[in-house]
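Undergrad: Add chain B to chain R, keeping to what the hints say.
These protein sequences, in sequence, are chains R and B. Start counting the first sequence at 1; every next residue gets the next number (the working numbering). Start counting the second sequence at 1001; every next residue gets the next number (the working numbering).
Since the hints were derived computationally from the structure, they do not count as laboratory data. Remember, it's a predicted structure, so these values are computed and weren't measured experimentally. A few of these clues could be false.
[Claimed, not checked] Derived lysine-lysine pairs resembling DSS-like cross-links, with alpha carbons at most 30 Å apart:
#	chain 1	residue 1	chain 2	residue 2
1	B	LYS1092	B	LYS1003
2	R	LYS71	R	LYS57
3	B	LYS1003	B	LYS1069
4	B	LYS1092	R	LYS57
5	R	LYS11	R	LYS71
6	B	LYS1097	B	LYS1003
7	B	LYS1097	B	LYS1069
8	B	LYS1097	R	LYS71
9	R	LYS11	R	LYS57
10	R	LYS57	B	LYS1003
11	R	LYS11	B	LYS1097
12	R	LYS14	R	LYS57
13	B	LYS1097	R	LYS57
14	B	LYS1092	R	LYS71
15	B	LYS1069	B	LYS1092
Spelled out from the first residue to the last, the chains are:
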Amino acid sequence: DTGVSQDPRHKITKRGQNVTFRCDPISEHNRLYWYRQTLGQGPEFLTYFQNEAQLEKSRLLSDRFSAERPKGSFSTLEIQRTEQGDSAMYLCASSSGGRGAFFGQGTRLTVV
Amino acid sequence: DAKTTQPNSMESNEEEPVHLPCNHSTISGTDYIHWYRQLPSQGPEYVIHGLTSNVNNRMASLAIAEDRKSSTLILHRATLRDAAVYYCILVKTSYDKVIFGPGTSLSVIP
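Chain R extracted, bound-state conformation:
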């Protein structure tokens, strides 16, 4: 059990560029979640998958955001035409029920 891993850990991008983050959940966890966290706030739910199906998307997930989990294993979160307001920590978590969700260390995005 290597935990949830996220890549990259840090990303600096220019406004208007597209970025993609990857999350590798704990193997055999069928649920995968994405969150966004800004400084001083608790994490905000964005979306979650059960296997490869995206079951829920928050209203926070604008049209510029898309998430996929093509084979029910790793997931990607893409942000198109980044804005300065997208600067945040993006967290991924996975679970199989029971003990709750396991979180990764996050990807810190800075849009300049």
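TA: The following block gives chain B in isolation, referenced to the frame of chain R:
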């Protein structure tokens, strides 16, 4: 969704027990009470959860009021490593998404 209310911040002396309260007066019969914590610059970490009975694990204890409208996370002996934001969250099933509130920022004084 049922909400939880926690103090914004608390302080504890090192090696003393810490009782972190949480009110959830609108809890429904099937809501689980979960606690997570987030250390600085890290992702949240699951601590403990329960439904009706008190629960213990290697990290903490969870005391649930008989009417389930409040609960208390107990750290038996605070260490400097326990300084974190602690979140009390109601979750409808063990699979459901976790919705975070502001949490309680715990400071541990040496």
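Undergrad: None of the hints should be skipped; say for each whether it holds.
TA: How the hints compare with the structure:
| no. | hint | in the structure |
| --- | --- | --- |
| 1 | LYS1092(B) to LYS1003(B) | holds, 12 Å |
| 2 | LYS71(R) to LYS57(R) | holds, 19 Å |
| 3 | LYS1003(B) to LYS1069(B) | holds, 11 Å |
| 4 | LYS1092(B) to LYS57(R) | holds, 17 Å |
| 5 | LYS11(R) to LYS71(R) | holds, 25 Å |
| 6 | LYS1097(B) to LYS1003(B) | holds, 14 Å |
| 7 | LYS1097(B) to LYS1069(B) | holds, 21 Å |
| 8 | LYS1097(B) to LYS71(R) | holds, 21 Å |
| 9 | LYS11(R) to LYS57(R) | holds, 24 Å |
| 10 | LYS57(R) to LYS1003(B) | holds, 20 Å |
| 11 | LYS11(R) to LYS1097(B) | holds, 26 Å |
| 12 | LYS14(R) to LYS57(R) | holds, 26 Å |
| 13 | LYS1097(B) to LYS57(R) | holds, 11 Å |
| 14 | LYS1092(B) to LYS71(R) | holds, 27 Å |
| 15 | LYS1069(B) to LYS1092(B) | holds, 15 Å |
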